[in-house]
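Trainee: Take a look at the letters that make up each chain.
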Amino acid sequence: MRFLLLFSRQGKLRLQKWFTSMSDREKKKIIRDMTTMVLARQARSCNFLQWKDLKIIYKRYASLYFCLAVESQENELLALEIIHRYVELLDKYFGNVCELDIIFNFEKAYFILDEFLMGGEIQETSKQIVNRSIEASDIPRYLKLAFTINNC
Amino acid sequence: MPAPIRLRELIRTIRTARTQAEEREMIQKECAAIRSSFREEDNTYRCRNVAKLLYMHMLGYPAHFGQLECLKLIASQKFTDKRIGYLGAMLLLDERQDVHLLMTNCIKNDLNHSTQYVQGLALCTLGCMGSSEMCRDLAGEVEKLLKTSNSYLRKKVTLCAVHVIRKVPELMEMFLPATKNLLSEKNHGVLHTSVVLLTEMCERSPDMLAHFRKLVPQLVRILKNLIMSGYSPEHDVSGISDPFLQVRILRLLRILGKGDDDSSEAMNDILAQVATNTETSKNVGNAILYETVLTIMDIKSESGLRVLAINILGRFLLNNDKNIRYVALTSLLKTVQTDHNAVQRHRSTIVDCLKDLDVSIKRRAMELSFALVNGNNIRGMMKELLYFLDSCDPEFKADCASGVFLAAEKYAPSKRWHIDTIMRVLTTAGSYVRDDSVPNLIQLITNSVEMHAYTVQRLYKALLDDISQQPLVQVASWCIGEYGDLLVSGQCEEEEPIQVTEDEVLDVLEGLLVSNLSTPVTRGYALTAIMKLSTRFTSVNRIKKVVSIYGSSIDVELQQRAVEYNALFKKYDHMRNGFHLSLLMIINFRFFVVLSSFKMVQVCLSCLCVVPILQANDLLDLLGGNDVVPVIQNTVSTKPASAGGELLDLLGDLSLSGIPPMTAYNKNGLKIDFTFERANPNPNIAVITIHASNSTEADMTDFVFQAAVPKTFQLQLLSPSSNVVPALNQGTVTQVIRVLNPQKQQLRMRIKLTYTHKGSAVQDLAEVNNFPPQSWQ
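Heads up: the sequence lines are chains A and W, in that order.
Taken in order, the first sequence gives residues 1 to 152; the numbers are from UniProt numbering.
Taken in order, the second sequence gives residues 1 to 777; the numbers are from UniProt numbering.
It is worth saying that the hints were derived from the structure and are not from the lab.
Any given hint could turn out to be false.
[Stated by the list, open to error] Here's a subset of chain A near chain W, in silico, CB distances under 8 Å, partners left out:
| id | residue |
| --- | --- |
| 1 | Glu121 |
| 2 | Ser126 |
| 3 | Ile139 |
Ideal Cβ positions, reconstructed from N, Cα and C, are used throughout, including at glycine.
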């Protein structure tokens with residue numbers, strides 16, 4: 001995977017995860033290209049696009065577009081499943097997740113993503129384990145306890 | 001100093017902004033507050049401030065001043081600080097800035113932290129954005145951590161190792177010992193990341209690949225368990241157990257089985273099992289099937305399995321789901337080279353996909369259709385493809401047209417069919433064909449000798465209908481110019497000949513010249529065609545009139561041509577019928593018109609024209625039906641053509657307009673004479689020929705003549721006959737200058753001469769003011 005972008009129907013960026021090193025200018029250009037290309041697609045088109053040497057997989061969930069770029073040898077149908085899994089994780093964490101949740105808690109969205117994917121690969125294939133890790137790292141009491149026990 | 005506002009508060013405030021300007025103002029205010037807070041080294045609120053900064057960064061505002069603050073957060077002891085710090089580092093820092101190296105030490109410490117969540121943060125950051133330097137420094141730590149039994153950490157470390165290998169491939173060897181029992185894990189997360197690590201190693205090193213081939217039986221077993229095992233709530237996705245892991249294993253099997261008989265045989269059974277047992281009602285199942293098909297096609301599978309795979313793709317093509325149809329077309333495109341016959345069986349379904357509404361699917365279907373065209377199905381396929389060309393979106397037309405031309409060239413069953421197909425493309429998508437197709441088509445038409453009459457007739461009819469598609473018009477003009485006699489004489493065999501008079505043909509060509517739809521290039525073609533008809537038609541006077549009108553056209557290119565053609569009428573009228581004009585070797589905007597007559601020795605006229613389109617072979621054949629077999633000479637303009645000198649001398653000797661010649665320059669043995677003529681019918685253009693002669697005993701080499709005129713004039717210099725002025729007046733170098741003098745002002749010129757004489761370079765400037773009044777009045 002090369003990058004994952006979340007943007008609204010008006011083209012406002014809600015999340016950006018880059019799995020390879022790129023300059024700021026390149027990133028901005030890619031964001032512009034992606035939003036233009038994806039937003040221009042008709043309602044019932046297929047979810048795949050070819051862009052330069054990458055495959056772009058996008059899916060709309062309510063008012064948010066999830067846009068994932070993968071290399072040519074990767075499986076597009078599975079990429080759709082990856083996007084879906086991320087949405088499920090967000091949904092479980094926030095409870096009926098909507099765009100506002102992601103706007104106001106963007107840092108949590110990143111933390112969840114970082115428990116699911118890393119370096120462009122899937123880290124954990126079990127929904128429950130990912131959710132448990134997120135919830136555990138959220139609880140300050142547990143952490144404080146963990147800190148004190150280990151520091152003794 | 002009041003506490004900085006909370007993140008959510010800021011987000012809420014910014015969202016209330018109604019205009020971009022208002023938002024910018026709020027952001028600037030907040031950035032200023034954050035900056036001063038950073039300056040005060042406020043530890044308590046640093047985390048909050050950086051979080052706000054990250055939000056503003058996402059909106060597109062600069063946030064680089066927060067980079068160092070992220071590093072401070074990472075170094076903090078609080079988990080919440082570290083979390084935001086690492087996130088900030090991943091968003092704001094990148095390996096291009098040296099600042100990122102400051103993280104290395106912090107990460108090293110955190111990798112050994114007592115809390116797994118902190119270790120996880122460090123691993124995540126290293127695994128996402130670690131630069132090669134960082135990876136080199138920390139590879140040892142990563143390798144150490146690979147031995148941990150903590151599954152939460154193990155999967156993260158494994159992916160971190162993958163990243164290290166990607167950044168610094170030489171370190172791959174280091175991780176080899178850790179791969180010993182990689183696949184005996186039960187934990188799916190660890191198993192998945194282990195498979196990723198193995199895949200990465202195998203892809204990068206053939207040695208590793210050979211080494212890991214022995215794992216094939218183990219991988220097959222794991223895959224089997226996944227398929228056969230019952231419902232597992234932890235990994236179930238729509239009735240399939242851990243599809244992510246299944247796909248990853250299939251991909252690794254593909255790499256291990258490629259080119260290796262034994263491994264391929266070992267996986268045959270499991271692949272057949274997956275292919276037949278996977279539930280296909282949901283996308284998940286199809287994703288696994290897709291990966292299976294890719295694996296079957298890549299390894300050395302037995303033919304039964306391959307047929308099974310292609311049939312799966314065939315079924316995909318009929319699926320309602322667009323994504324699956326798209327994926328099927330893409331895969332079939334990959335396999336069409338190796339399993340051509342098998343894919344041919346699905347041709348009709350593929351051709352149906354051309355009518356799909358989805359743009360991505362149409363494109364794939366088009367590419368695949370072209371790949372499937374062969375000698376047997378060319379007629380049927382071309383019908384479908386031409387229909388597609390008619391109705392498709394403009395973005396496809398250029399590629400489709402090129403594809404049609406290529407296919408037609410390879411598999412055309414007959415010349416007539418070929419030309420009909422080309423005609424169809426030109427008339428339906430004429431404006432989208434590529435520029436180089438015009439010369440290629442002309443070449444093709446020239447070579448199909450028996451079809452000339454038919455072609456020119458069809459093209460003529462097409463012109464009558466529509467003159468807006470430039471490539472069509474250009475090819476048609478060229479044909480009419482070339483075969484106009486066949487058109488008028490009604491000699492067509494292939495279809496009913498039409499009755500056309502010479503005047504009608506000239507009407508059409510003249511119509512092209514004046515039409516607003518015609519580009520300059522097209523006009524050039526039309527004018528040349530009219531000229532060529534002067535040796536084929538009888539109404540020469542009309543042609544002469546047209547050509548002379550364009551002698552004063554605003555378009556310089558057109559004007560040049562008209563003037564030259566006019567010259568042919570005037571000076572060489574007695575020879576025009578005997579001339580065989582062939583246009584060869586167009587090199588970088590210069591071309592040669594090789595004149596040869598049955599009476600004279602070859603001479604060469606070189607013209608310097610801006611010819612932006614004629615960049616291919618173009619045969620301008622003005623042979624008036626004579627049985628002359630000309631010997632055509634190719635010469636490059638830079639080579640001194642002594643023959644060229646002869647022609648230009650010829651021009652010099654032929655009837656001048658009665659303006660006396662003059663000596664423009666005479667110094668150091670170099671004498672330059674000017675001779676004049678009027679370029680009829682345009683009295684504003686003076687055509688001057690310079691004659692340079694050398695009375696010294698040594699040759700003047702590298703001779704270059706340059707001229708400049710006052711602003712109200714326009715000057716054009718043609719290429720010289722040679723750049724060596726031979727000694728002792730043994731010959732002259734001639735060059736033609738054209739001066740446009742619309743305001744009829746007194747002609748003045750400044751000339752610059754450079755040459756090498758007796759080994760030294762000579763340069764001289766001179767003013768020429770002694771032009772005879774008749775030359776500019």
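Trainee: Run every hint past the structure and note whether it holds.
Mentor: Each hint tested on the structure:
Interface hint status for Glu121(A): upheld, as the beta-carbon distance to the closest one in chain W is roughly 5 Å, under 8 Å. With its C-beta approaching chain W no nearer than about 5 Å, Ser126(A) sits inside the 8 Å limit, and its interface hint holds. About 11 Å separates the beta-carbon of Ile139(A) from the nearest beta-carbon of chain W, more than 8 Å, and the hint is not met.
Consistency with the previously given hints fails for number 3 only.
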